[in-house]
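Student: Here is what each chain is made of, one letter per residue.
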Amino acid sequence: EPEVTQTPSHQVTQMGQEVILRCVPISNHLYFYWYRQILGQKVEFLVSFYNNEISEKSEIFDDQFSVERPDGSNFTLKIRSTKLEDSAMYFCASSEVTGGGDGSPLHFGNGTRLTVT
Amino acid sequence: GQNIDQPTEMTATEGAIVQINCTYQTSGFNGLFWYQQHAGEAPTFLSYNVLDGLEEKGRFSSFLSRSKGYSYLLLKELQMKDSASYLCAVRDLGGDKLIFGTGTRLQVFP
Numbered sequence: 001e002p003e004v005t006q007t008p009s010h011q012v013t014q015m016g017q018e019v020i021l022r023c024v025p026i027s028n029h030l031y032f033y034w035y036r037q038i039l040g041q042k043v044e045f046l047v048s049f050y051n052n053e054i055s056e057k058s059e060i061f062d063d064q065f066s067v068e069r070p071d072g073s074n075f076t077l078k079i080r081s082t083k084l085e086d087s088a089m090y091f092c093a094s095s096e097v098t099g100g101g102d103g104s105p106l107h108f109g110n111g112t113r114l115t116v117t
Numbered sequence: 001g002q003n004i005d006q007p008t009e010m011t012a013t014e015g016a017i018v019q020i021n022c023t024y025q026t027s028g029f030n031g032l033f034w035y036q037q038h039a040g041e042a043p044t045f046l047s048y049n050v051l052d053g054l055e056e057k058g059r060f061s062s063f064l065s066r067s068k069g070y071s072y073l074l075l076k077e078l079q080m081k082d083s084a085s086y087l088c089a090v091r092d093l094g095g096d097k098l099i100f101g102t103g104t105r106l107q108v109f110p
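Quick note, the sequences are listed as chains X and F, same order. The letter at position 82 of the first sequence is residue 82 when you use the numbering used here, and the numbering goes up by one with no holes. The letter at position 54 of the second sequence is residue 54 when you use the numbering used here, and the numbering goes up by one with no holes.
Derived from the structure by calculation, the hints contain no laboratory data. Since the structure is predicted, the reported quantities are computational estimates derived from the model, not experimental observations. Backbone N, C-alpha and C fix where the C-beta goes; we use that ideal spot for every residue, glycine too. No incorrect hints appear here.
Some but not every residue of chain X turned toward chain F, in silico, with C-beta under 8 angstroms: (1) Y33; (2) K42; (3) V43; (4) F45; (5) S48; (6) S55; (7) E56; (8) F91; (9) S95; (10) G103; (11) P105; (12) L106; (13) G109; (14) N110.
Model the full structure from these sequences, guided by the hints.
Tutor: Below you can see the structure in the form of structure tokens.
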């Protein structure tokens, strides 16, 4: 079964450094997302991306964050200058079209655990 | 605003049935999803409801009442591997993202 893949699985970085988290969504999916989950807390929406542009973003997704689809397969999340509170599991997800018969659920990758020291 | 509530923790015995409730208040509604998440892993899709009523998928069933802003996930014939968090998520109107509740951590005991 096709799956969303994310790299790296773990990333440790120092405060103030830039990080890029990478994702390869499922190939025939059109919608791409980034979510984060701070340890012990709920899965929080960051941004959705469709047709090569951001379709929606949350308050968390401030100017320090950016997303890109540099080619036909990769989808990246960049954090420009990391803060301690950015430490979390970051999940990439993709979906087909919304309103499909099965609701077009989001399919999640295994996540990148980001630790900012 | 959007608010999705679930119990924080539940326990049950192997072989039993458990019902996990979810209530939601959202500005719009375009479907409700249940996900399973084992510790340290990705959420995996379990079920979807957009119309009122019960959807059955093997040992798992999900129910929706839109007028009450209420859903439940029913797990039958519980197995030890069902120990996980169960996340209720709502899709808003006019968007494609899912908004997740805090999740219910289910522990199944022998």
